[in-house]
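Line by line, the protein sequences are chains A and B.
Residue numbers for the first sequence follow our numbering, so the first one is 108 and each next one is one higher.
Residue numbers for the second sequence follow our numbering, so the first one is 317 and each next one is one higher.
Among the clues, some could well be false.
[Said to hold, decoys possible] Now the stretches of chain A that chain B is said to cover, found in silico as 3 or more residues with beta-carbon under 8 angstroms:
#1 117 to 129
#2 173 to 186
[To be verified] List time: in silico DSS-like cross-link candidates among lysine-lysine, alpha-carbon distance up to 27 angstroms:
#3 371(B) to 203(A)
#4 203(A) to 336(B)
#5 382(B) to 149(A)
#6 203(A) to 330(B)
#7 336(B) to 382(B)
#8 382(B) to 203(A)
Source of the hints: derived by calculation from the structure; they are not laboratory data.
Idealized CB from N, CA, C, for every residue including glycine.
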Amino acid sequence: QKEVEQNSGPLSVPEGAIASLNCTYSDRVSQSFFWYRQYSGKSPELIMSIYSNGDKEDGRFTAQLNKASQYVSLLIRDSQPSDSATYLCAVNIPQKLVFGKGTKLTVNP
Amino acid sequence: GAVVSQHPSRVICKSGTSVKIECRSLDFQATTMFWYRQFPKKSLMLMATSNEGSKATYEQGVEKDKFLINHASLTLSTLTVTSAHPEDSSFYICSARQGMSGNTIYFGEGSWLTVV
Numbered sequence: 108q109k110e111v112e113q114n115s116g117p118l119s120v121p122e123g124a125i126a127s128l129n130c131t132y133s134d135r136v137s138q139s140f141f142w143y144r145q146y147s148g149k150s151p152e153l154i155m156s157i158y159s160n161g162d163k164e165d166g167r168f169t170a171q172l173n174k175a176s177q178y179v180s181l182l183i184r185d186s187q188p189s190d191s192a193t194y195l196c197a198v199n200i201p202q203k204l205v206f207g208k209g210t211k212l213t214v215n216p
Numbered sequence: 317g318a319v320v321s322q323h324p325s326r327v328i329c330k331s332g333t334s335v336k337i338e339c340r341s342l343d344f345q346a347t348t349m350f351w352y353r354q355f356p357k358k359s360l361m362l363m364a365t366s367n368e369g370s371k372a373t374y375e376q377g378v379e380k381d382k383f384l385i386n387h388a389s390l391t392l393s394t395l396t397v398t399s400a401h402p403e404d405s406s407f408y409i410c411s412a413r414q415g416m417s418g419n420t421i422y423f424g425e426g427s428w429l430t431v432v
């Protein structure tokens, strides 16, 4: 099993809708989880970090973590065309940060 | 947030030559830096982890003699692609962990390498 798995998509949602991105991980000792956004040809930028079970909200973004299920998700409310990008889930496995393959999101005007 | 600067942002080199890419943490000390490469439309692949003052730890399949990593100070790590070949053309991205126990990792802007 790969260390971090994401549905590669592409995921397409209309403007104003909720986009839901999912990620599972294999290492139970992981304690830190991150969502990065990457525009084409650019470096990833950090959107959210989450360390505890439950929800964490920041503006239109909500990260959800369930350590028992080894599952982390990102919800984007009121999606905008500018949210169109690849979203990378990252898990802090001791000593390194491991990325999923990313989910490409397209928000249609 | 913290800033990580990478240089050069784009470089073209001839096959067989070596290229050095620098990664600097501008406003924090980075005891650990990471080097990734990314092919078009593919995910980030961790190449190596470098800790200040010690040898880098390379991921399986990454040639340490080809991709030389030096982390000589708490704010600077360099990646040298030696005897570059066209298949080394890629997007190379560094990232830095803030402090010894910091959880957040910040990325540089990335460097596009084209080997002709």
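Verification of the supplied hints:
1. Here the stretch 117 to 129 of chain A counts 0 residues with a CB under 8 angstroms from a CB of chain B, which misses the bar of 3, and the coverage is violated.
2. Beta-carbon proximity to chain B at under 8 angstroms applies to 0 residues in the stretch 173 to 186 of chain A; the threshold of 3 is not reached and the given coverage is violated.
3. Straight-line distance between C-alpha atoms of residue 371(B) and residue 203(A) comes to about 15 angstroms, which keeps the hinted pair within the 27 angstroms bound.
4. Between residue 203(A) and residue 336(B), the direct Cα distance comes to roughly 23 angstroms. Compliance with the 27 angstroms bound is thereby established for this hinted pair.
5. Of the supplied pair hints, the one linking residue 382(B) and residue 149(A) holds, its CA atoms being roughly 25 angstroms apart against a limit of 27 angstroms.
6. Of the pairs offered as hints, the one joining residue 203(A) and residue 330(B) is violated, with about 32 angstroms between alpha carbons and a cut-off of 27 angstroms exceeded.
7. In summary, the hint linking residue 336(B) to residue 382(B) is supported, as the alpha carbons are separated by about 12 angstroms, within the 27 angstroms threshold.
8. Restraint check for residue 382(B) and residue 203(A): the C-alpha separation of about 21 angstroms stays at or below 27 angstroms, so the hint holds.
Going down the numbered hints, you'll see the structure goes against 1, 2 and 6, while the others check out.
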